[in-house]
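Number of protein chains: 2
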Amino acid sequence: MRILLVVSYDGTNYCGWQKQNNCITIQGEVEKAISEVLKEDVEIIGASRTDSGVHANGNLAIFDTDSSIPADRWSKVLNQILPDDIVIQESKEVADEFNPRYMKFSKTYEYKILNRSYPLPTYNKSAYYVYGNLNVDAMKLAANALVGEHDFIAFAGAGSQVKTTVRTIFSIDIIEEKLDPTTLGDSDDLLKTGRLIKIRVRGDGFLYNMVRIIAGTLVDVGMGRIKPEDIKGIIESKDRTKAGKTAPAHGLTLLEIEI
Amino acid sequence: MRILLVVSYDGTNYCGWQKQNNCITIQGEVEKAISEVLKEDVEIIGASRTDSGVHANGNLAIFDTDSSIPADRWSKVLNQILPDDIVIQESKEVADEFNPRYMKFSKTYEYKILNRSYPLPTYNKSAYYVYGNLNVDAMKLAANALVGEHDFIAFAGAGSQVKTTVRTIFSIDIIEEKLDPTTLGDSDDLLKTGRLIKIRVRGDGFLYNMVRIIAGTLVDVGMGRIKPEDIKGIIESKDRTKAGKTAPAHGLTLLEIEI
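Residue numbers (full-length UniProt numbering), protein chains in the order written: chain A, 1 to 259; chain B, 1 to 259.
Any given hint could turn out to be false.
No copy is singled out in the list; a pair is fine if it fits within one copy or between any two copies.
Pairs of lysine-lysine residues, derived as BS3-like cross-links and limited to a Cα-Cα distance of at most 27 Å, are as follows [said to hold, decoys possible]:
1. Lys245 with Lys178
2. Lys178 with Lys140
3. Lys76 with Lys192
4. Lys178 with Lys232
5. Lys92 with Lys39
Derived by calculation from the structure, the hints in this document are not laboratory data. Note that this is a predicted model, so its numbers are computed, not measured.
Given the sequences, and given the hints that come with them, work out the whole structure.
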């Protein structure tokens, strides 16, 4: 029987998803928990090998077992063993052919930016702090230019081995949330109060570091270092150096994978 | 010259505001940073002695100095020394009589509750996880009964020494934020997708643990263990055992103190 797990985690204290020898990973912890239940070594296959520091609300993973534990019980069983910062949201049986690594799903990532005069410590682990007033309208224009089917090799980190670098982005929504003032008036000063800017990207798959490079590029647009109308040319250049920097991992959350 | 600091922090790794001998505190770290600049011991006085694990966006503190550093430069100077999870949002000169401990300010606290079938790890340090469908309408009714000037001794933790236990709550707003689905459909299942419930309390001052006891009581109301119409009697009973439990510290943030 093949079991599908919906895995959520705070990635702060992990070396990413993929198992490593000398570092604690999400895959490693989930495998250890399943193995503890089954008293045998078990390997899981994840849909998204998120980087060190990246969070997830709904990553997916599968494993095979002959155990008599009902499929929908696995979430509760594993949550009793797993550390607090990894929670299985759901478990269910899927067909034996179901392999999250080789199937095309629609994935939604969210990249969070804290934009204000000073950082707010409660956002330190979940949002990229950017000083300087970001032009969100320009960022929205640039985001629109990224939507669609493109060769995104200019937005891919080095070191990924993929057959094709063509991907389709279905949508990029940029959501601006005003924060509460901390004090001392001056609430007309936008930067002092600050904003949380959420970049929500939905697509049929993403290259290595692609969402973080998109976020870094949109920050450059927001700061006026790249113009929205330059995005088309950056895609067509197929030149990684033309796009923006890779934004830090801790701002990124894998929200959902639709199966 | 008396300097006022607006202090923000993630309280996760601290034993609260107030200085202690064998535990790292916010007051201790801020005093250490100021002393490092001035090369002499300095004591600060805080407006709100938040508990271990409680966060703040805008706590206030003052200190006196003859230094030639301009008042508004202190925030930048101290942020270069302080750890990442403490940030001075602003600094300015105030009158020598300004003492945040003995002045009456309007303070706003926010208590966050994550209400869904399973915890979401990215909220572990900032929201109290409650399983079971909370009745938010009942919570709002109960909150209304708490607003106003009352003797809140039934909502005070043991161990506080105050002249009077009468306080005025100006408003309690309960804000419900729908979360994003993690996956696997069933988004009609409210508990599976979940909600973030924010209880925002504004008042002229709060007794020890008062906001956390209010939050715990409102959770009891949401779960049907206390009826909204019982709140009046609980206040009048002046009996701490009639109110709900003290909700955990990590759900609480001091948002703002208006001077």
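Taking the hints in turn, this is what the structure says about them:
Taking the shortest alpha-carbon separations for Lys245 and Lys178, only the intra-copy value of 26 Å comes in at or below 27 Å, while the best inter-copy value is 32 Å. When the C-alpha separation of Lys178 and Lys140 is checked against a cutoff of 27 Å, the pair qualifies both within a copy, at 17 Å, and between copies, at 24 Å. With identical chains, the CA atoms of Lys76 and Lys192 are at most 27 Å apart between copies only, with a shortest distance of 14 Å across copies and 44 Å within one. In the homo-oligomer, the alpha carbons of Lys178 and Lys232 never lie at most 27 Å apart, since the shortest distance is 30 Å inside one protomer and 35 Å across protomers.
In this assembly of identical chains, Lys92 and Lys39 lie within 27 Å of each other by CA distance solely inside one copy; the values are 21 Å within and 62 Å between copies.
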